[in-house]
Each structure stands twice: as structure tokens, then as C-alpha cells.
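Since the structure of chain U is already known, use the hints to place chains R, A and Z on it.
Number of protein chains: 4
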Amino acid sequence: MKAEIKILKKIESKAFVLVSGLPGIAYIGKLSVDYLVQQLKAELVGEVYSKYFPPYVLIRKNGVVELLRNELHLHRDKLAGDIVFFSGNSQAFSPEGQYEIADTLLDWAVDNGVKKVFSLAAYVTDRTFDAPRVYGTATSSELLEGLKERGVVPLAEGLISGENGLIMGLAKKRSVEAVCLLGETRGYQTPSGHYFIDAKASKAVLNMLALILNLKVDMGPLEKQAKGMDEIIARMADVERRLKEEMSASVKKPSYVT
Amino acid sequence: MKAEIKILKKIESKAFVLVSGLPGIAYIGKLSVDYLVQQLKAELVGEVYSKYFPPYVLIRKNGVVELLRNELHLHRDKLAGDIVFFSGNSQAFSPEGQYEIADTLLDWAVDNGVKKVFSLAAYVTDRTFDAPRVYGTATSSELLEGLKERGVVPLAEGLISGENGLIMGLAKKRSVEAVCLLGETRGYQTPSGHYFIDAKASKAVLNMLALILNLKVDMGPLEKQAKGMDEIIARMADVERRLKEEMSASVKKPSYVT
Amino acid sequence: MKAEIKILKKIESKAFVLVSGLPGIAYIGKLSVDYLVQQLKAELVGEVYSKYFPPYVLIRKNGVVELLRNELHLHRDKLAGDIVFFSGNSQAFSPEGQYEIADTLLDWAVDNGVKKVFSLAAYVTDRTFDAPRVYGTATSSELLEGLKERGVVPLAEGLISGENGLIMGLAKKRSVEAVCLLGETRGYQTPSGHYFIDAKASKAVLNMLALILNLKVDMGPLEKQAKGMDEIIARMADVERRLKEEMSASVKKPSYVT
Amino acid sequence: MKAEIKILKKIESKAFVLVSGLPGIAYIGKLSVDYLVQQLKAELVGEVYSKYFPPYVLIRKNGVVELLRNELHLHRDKLAGDIVFFSGNSQAFSPEGQYEIADTLLDWAVDNGVKKVFSLAAYVTDRTFDAPRVYGTATSSELLEGLKERGVVPLAEGLISGENGLIMGLAKKRSVEAVCLLGETRGYQTPSGHYFIDAKASKAVLNMLALILNLKVDMGPLEKQAKGMDEIIARMADVERRLKEEMSASVKKPSYVT
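Protein chains in written order, with numbering that gives the first Met the number 0: chain U, 0 to 257; chain R, 0 to 257; chain A, 0 to 257; chain Z, 0 to 257.
Next comes chain U alone, as it looks inside the complex:
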């Protein structure tokens, strides 16, 4: 059971842009991509499963369970062309798993006509600011120049951890162009250690992405959606804290009975 992409519908695209936003600091990537999927009514075309996700199932508000997974949504845009959105409720649990999932995704993307990859993430600063900046890196200097012209602040000499970073690096290995847009955030956390969603940073990133892709999105409902997610995260953080004991008990201290 390796990372597995279950294709629900062949996308049949000659060239598409892949936009990835997984849960991470301040949920900027995830909020951005989830918001686009909703606003653009993008179609669910695939699901990604892996044994490298954390070992639990979620219970939804309606009492129904859901396995952790990532999802692929397709949006065909008259101006921006075909876009596939990649998001989900979790990153992989282990380093090897993060490589496996990013790698499996890119294999599929290359086989199906990807022409460029955008990864949306967060960049924590302690700068005092009115409006968050959008930082950026890319797989080539030329790409980065194009970003700078649009107002993206280039990063230098650092690293981007997790799948949001690996997707770029593994794209470059396949000679696929990739860009990472990072929303400036303070990275505030709840007392239980979970990030607050930063809707403003997400909005800044989305505005930049829309500009680059020539995509029209109504940003109105974004903050409202962020607020809804914030409440869910707060509740989930409580649950997780309580269940973390169980989990470590069942995973780390194996139970046995004669």
C-alpha cells in the first residue's frame, strides 16, 4: 500500500497549472486552496490515500467518519486555463511519507500535462506591518524575476520544510517549473499549540496568485470562511489534545493480553 491516487475522473487537459496548499503554519495554503475550490466550484477529480497519514479517522459534524486524505479538484477557466487544486486535511506523518506523497502526485501531474506548479505556504516574520507581504521562491531566476515584477519579495538562503517545499524541489527534478508564494504571518498559536488561521495572509497570497494566473475570484466571503474554520480548529484542537493520550497509548505502548 504505497501512496495511491484514486482518479475519479480523467482530467483530459493539454496543459494545466497545479496549485498546492496543504495544512501548515497559519493554515494559509490550505485556506487559500479550499477557498478557491469552493468559490470556483472546482470539481473533485481525484483522491490521494497513504499509510503515511496519521493513524486516525475524523468524525464530521454529522457523525460520519472520514479517512485522512488529500484531494484533487479541477477548474477549467476561460482566461486562466485548466487548474488542478491539491489540498487535504493532513500532510504525511513522516519525512519519507512527505517525499512519497509529493512524488506520487508529481508523477501523476507530469503524466497528465502539468506545465507549472504553485505551492502556497506561510512565512513567519516579526516585522510590524499593516499589510502582509507575499514572499516567493522559484525553480529558476527567470521565474523569480517575473514574480518580483508583480511585487513578490524574493526569499534567499533559507529552507521550506514539508510537502509544500518538497513539491517544488521534486518538480524541479522533473524539469517542471514551480513557484512558492508565502504569505507573511506572525504565526500566532492557540494555548494548546495550534496555529490560528491567518485569513489576511491568505488573502494576500490569493490576490497575488489571481494576478499571476489571470484568475477572477470574489474575495468577499474569505474572512467569513476563515472564521468558520477557526472555530472548527479550536474544537478539533481540544479533541486532539484529549485523544493524543489515547493515541500515544495505543501506538507507542502496545497493549497486549494473554
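Hints are computed from structural coordinates only; laboratory data are not their basis.
Glycine residues also receive a C-beta, built at the ideal position from the N, C-alpha and C atoms.
Just so you know, not all the hints are guaranteed correct.
[Stated by the list, open to error] Computed, partial: chain A to chain R, Cβ under 10 angstroms:
1. 93
2. 98
3. 139
4. 140
5. 146
6. 150
7. 158
8. 161
9. 164
10. 169
11. 171
12. 172
13. 216
14. 219
15. 220
16. 222
[Claimed, not checked] Far from chain R, some chain U residues (derived; all Cβ distances over 10 angstroms):
17. 7
18. 38
19. 65
20. 67
21. 75
22. 102
23. 114
24. 139
25. 145
26. 174
27. 187
28. 226
Showing chains R, A and Z alone in chain U's frame:
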């Protein structure tokens, strides 16, 4: 050496219900399934082995060693139909292992005609109660409605960790209906950190399962069996505490000699 | 690169006994098997390599490096028949690795005519004793009865961790008879946390094994050999303590430079 | 996705020497090999990728991202013959990964005509010294004798951890001769726990290697290059310390949102 199902006897069932109960909080799932296997004199039809179990062997009361494993028992019931029970003396050690074993089990179950999966587990509350509730989740709202009608209290917005949860999620991925029944417990632990067996919670879960499956089981000897298990667990907990040092010594600090 | 058995010489045996003794508490198993290999001038017939060994190489007294590995030695005895000894300078690093190596070994053993497995190990007690006991477990009650008749004290309700235990359990899964003989020891450790070699416990185990297998071994040089090993272990423990920092530095904190 | 060698150019060598220097204590191995690659204008002929590298991408000074990887450079020397240099920005993250990468590399090397392996590393002493010694180990006594004649101080009874050590051990397993040259260093670390580059130790190692291989290298710019690397490492260490929190957050505490 992946997770391996050693089939001792082909079950030749047109449609069966899979009832899973692995060791976990308060041993509710394990006690329930072990009790049913014993009371119904279900037949051992398969064994599940994996390198993801903890790396030791058990020594039984009679001095004979036993590899950690899970077991499949078949019961053919005139009213309830065919039931396969899944239990054992351990869950997998690592997250990947928990996925692997649950996945391997469900591959076998789907190939052999499973029509529904029941997972039995525990739900810790700090509510003061006379009689423990039975909580529940399911893979669809319709299923959950049926549970509610029988008195199951639906859970919402949480998570179920370990194989007891993954079995449901992986069933849903395969379009197999699944239900989790969770016995309410206080989750008391021994000084050495092991859960006390909660026979009352187990009884509540079993009564609900019997009602749903239309299964007749004599609940008389349950508390006696639980008491027997409690003594064994206490003894094992002592042994485990003492041997944990050895184990971590041999596993984590690799020994070597020139 | 799975666990790999490099056969140096086909053993061509119709039926052999496998005697396993890996490094563990008080080095009883390893000392016993190494001693037999030396005294009986058993022939090196195979080497076992695995990525699950700890990630370093040993430097011998003469400055020459050696990869960690396990070894198979063959002794053809007029009275006892063919015996294959399994030992080496390390157990696997991870639980999965311990399963993999024990499993690979038993696949080879079954393919080549193994009829019984003996695992030599340690049993820590805090009993005051003049002569160490030999404890035992087995894969069947009949086998255990035979051990008891020879003076072995049966264990009950415990567990045996690591490869010394898994070898028995995995043998039983293949319907191969297996016995574990455990020398009683206090399990004393050096200040740096390494076990002292317990030559007396090893001698007790070897005497019992020789009795069971009808094997003649001169026990004279055993304590001398143990003393030699003790000095080596003390030196190695020093080196290991010093190098442990390096190792955790290079393994856990990955180094990188632009 | 196992460790993968992407060959950019067939080396077509009848017999070559492999010189390996990965990041480790005091960056002696890496600095040495990077310096030789630069001074000798060795040609990039291959890249090594693996899911066992740490899960992040580097951002270069120019804002462009780079996946972690190891590299193979070829230098054809009139006197010294063909030399392939192996280096990169990281060792593998896990023990299994270190075995996998070293093993994959040696498979390629043996298939392509390697005749001897040199591994360059560090040896920490607390000796007061004017000039650092060069210590050594080898896969045979004969090789070690040759080293001693040239002034290398032989090591005895220790261990060499990480890929720098495994490369030797795995070479020996394939009957390929291997030597490890270790530069004497104090192993000083920055307050944030990173090693200072030890250019003097690197120079000592390089002089010895040049002597053995009959290779002419101008050692002039070495200290200057080391100084440049030192500044980069200091900056990276700052970044890493800041990002380590993020990384452990995204890897260890899996994020999820309903």
C-alpha cells in the same frame, strides 16, 4: 514480509459481517470480541502476522511461547447470518503498521464477501453515570440514523485513533458500510499505566451489537471473564514494566562486541 | 536492499539444529555461541547483512574495518549431528528490522533442512544464588516437559523481547520446534550502561545445551574468553559513549551546506 | 521511490577511484571534496536523490530552490587516472536511509569500474597539536600498511558512524578496497550546535590524499573557500534554528482541519 493473512479454512460465505475488537482503552473492544468468540464457540479460520507488531513473543501460563498475532474466527448464526470476528493480542506498533494491517484485513474481507464492518471501541467521558452509554459513528448518515433509533448516542467532530478507527475509514474507501460502537468508560489506569478492563462498558456495547445483529448471547459469564483478564493484565503489566528496560536496551541501544 | 543472506558454502544437510545467540543482556547468548564456534572450530558458511543494523562500521584491533553483520557457522558432529550457529555483533536497530532478519534467517533454515531451533538468552532475577539456574520456554508443552526433565526451570506468563524471542515465535509459525534456554543473571551494568558479560550464566546454558544435544565441549577456556571480551566491551563502551554524540549529530540533526 | 542515481553522462571509465566526502563533523569531508571538485573543474556526471533526505528544500542566495541531493563529479587526471567525487548537501535522515544511499552508490560504482574507495572524514581528539594528524582505517591490513608508510596514524577499536563509515563497510562486502582518511580536529561547535568548518584539518587530509593519488592540487584558495562556507553555515544555522520549530510542527504534530 508484509502483513500476512494465513487462512486456516476458506470461509465460503456469500455475505458476512466483520466484527473487530483490538486491544485499546479499557480493553472494551478486545473483551467484547473475545467473549463472543468464546460464548458462540466461533471457529478459528485465519491468523494475521506482521513485522509491525511489537518485537517480542509472549510466554503463556503453560510456558509455551506465542508470536503476537491477530485472529479471525467464524460464527454461522441462524438469525444473524455469518459473522467473522477480528481480534488479537496487539495492535501494530507504528502508524504505517496500523494502516498496513487494517488494509490487508479489508482486502481479504472484500474478496470474501464482507457486507458490513463493526468496530468496537471505548469512549472516555468524565460524566457521572449509572449505566454507560453506547456512542457511535458510521460511514453514512443513513447508517447513523439506524443506530440512533436503537439508542446509540452519535459522536460529532472528533477522531478515532488506531486500527479501530482506520478499519472504518478504509472500509469506507472501499464503499463498504462500517459502524463504530464505543462503550462509555472512565478509562481508569493501574499505577503502572495499564487500563483496567471495563466489563460494564463492554456489556453495554455487546448488548447493542446483539440487538443490531439479532444475535443471542448469554451475558452471564462476562464479568467473570473480565475478572480473569484483569488478573492476567495486572501480572503482565508487572512483567512488561520489568522487561521494558531490556527491550529498550536491545532495540534502542544496539549492542555490539568485537 | 532487504536482509540478505550471503551463502559462502552450501551446507547440504539433511537435518540440522539451529543455535542462535545474539548480543543481549549480559551477552549470554553471544558468548555461548561464539564460544561453541571457536571450541568446535565450526566453519563459516554464511553472512547476514541488513540495512536495519545500526549505521556504523567497526574498526578492529588491527585497524581494519568491518560492516556489522550476523554469521552462520556449521559444525558436523558425530553424536549431535549437524549444527548451524547463528550469531554476530549486533541485533537489528528497529522492531521491523528484528522481524525482517529473524524471518529471513528462518526462510533459509527451513529451505535447508532445519529440524529444531535453540535460542540462547538471559533471564534477570534478583534471587540470591550460588549456581545460576537455566530457565526455559518452548513452542509446545511436550518440548517443555523434556526440558524440565533435564532440570530447566519453566517460565510462565512473561515475554521475550528482541530477535532471541522472535526467532522462536517465527519458527513456531512455520511449524518448526523451538526452545529458548535462558541463563540466570543479575544483569549488572557498567557505569556507562553496558552489561557485564556473565560467563557463569553462559556456562550453565552451555552445559544444558550440551546435555540436550549430546555435544561434548571443553568448558575450560570459557571464563578466560569471557574475560577477554569484557575488556573489549569496556573499551568499546568508552568509544561508543564518545561517538554517540557524533552519531546522533549526523543522523538526527542532518547537516547541510549551500 | 528508492534512492535514485540520475546519470547525466556515462563516465566510460575502465577503472576509477571514488572519493567520498559528505557533511559531518567539522565539514572536513565535504569541504575537501567540494574544494577538489572546484579546483580540478571536475564535471557533474550524476545526481543522487532519496526520500531518506530531510524533508525540505533549500533556497539559494539567488532565491532559487534546490532539492537536497548528492552529486557525482568526474575528473580525468593524467597522473592520478579517473576520479569520481561523491558529495552533497546532506546525509540521509535515518539509519536505513544511510544504508540505502551508500548501497545504491556502490552498486553504481561497481557496475562502472570502481577500483578503490576513499572516504574523507573527521576524527575528534583533545590532544594539543600544532599540525593536525591524519588518521586512517582500511579494508585490509595491507592497505593500512601502505597508509602508515605515508604518515597516516592507524585507528584501532572504534567505530565510524554514518555514510562515511558505511561506504567503506559496504565496499568491503563487495570486495572493493576502501580507505578512510580522518582529519584531526577539535570539533568545535557554534552556540547553536553547528560545527565550525575546520579548514586546517581538511588541508591535512587533502595533502595526504593528493600524495596517495599522485594528484596535484593548489591548496592556496582552500582557507578562503572555508571562510566563505563558514559564513554561509552561520547564516543557515540561524535559519535552521528558526525553521526547526515549523518543521517539527508540520512533521510531528500532523495538522488537520475538518
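message: Under 10 angstroms is the threshold here; is the Cβ of residue 93/A close enough to any Cβ of chain R for the hint to stand?
response: 7 angstroms, holds
message: Would the hint on residue 150/A be counted as holding, given a Cβ-Cβ threshold of 10 angstroms to chain R?
response: 15 angstroms, violated
- request: Could you let me know if the closest chain R CB is still more than 10 angstroms away from the CB of residue 174/U?
  value: 31 angstroms, holds
message: Holds or violated: the hint that residue 219/A contacts chain R, with Cβ atoms closer than 10 angstroms.
response: With Cβ-Cβ at 21 angstroms, over 10 angstroms, it is violated.
query: Does residue 216/A pass the interface hint, meaning its C-beta sits closer than 10 angstroms to a C-beta of chain R?
result: 20 angstroms, violated
task: So, residue 140/A near chain R? Judge it on the closest CB pair being under 10 angstroms.
output: Hint on residue 140/A: holds, closest Cβ of chain R at ~6 angstroms, below 10 angstroms.
Check on residue 75/U being off the interface with chain R, judged by Cβ distance over 10 angstroms: 27 angstroms, holds
No chain R beta carbon within 10 angstroms of residue 139/U's: The claim stands: residue 139/U keeps its Cβ more than 10 angstroms from every Cβ of chain R (closest is about 36 angstroms).
message: Does residue 98/A hold up as a contact with chain R if the rule is Cβ-Cβ below 10 angstroms?
response: 3 angstroms, holds
- request: Using 10 angstroms as the Cβ threshold, decide whether residue 158/A counts as touching chain R.
  value: 5 angstroms, holds
- prompt: Would the stated hint for residue 169/A survive a check requiring a Cβ distance to chain R of less than 10 angstroms?
  reply: Status holds, d = 6 angstroms.
- request: Using 10 angstroms as the Cβ threshold, decide whether residue 220/A counts as touching chain R.
  value: Result: violated, 17 angstroms to nearest chain R Cβ.
Comparing the model with each numbered hint stated earlier shows that hints 6, 13, 14, 15, 16, 19, 20 do not hold.
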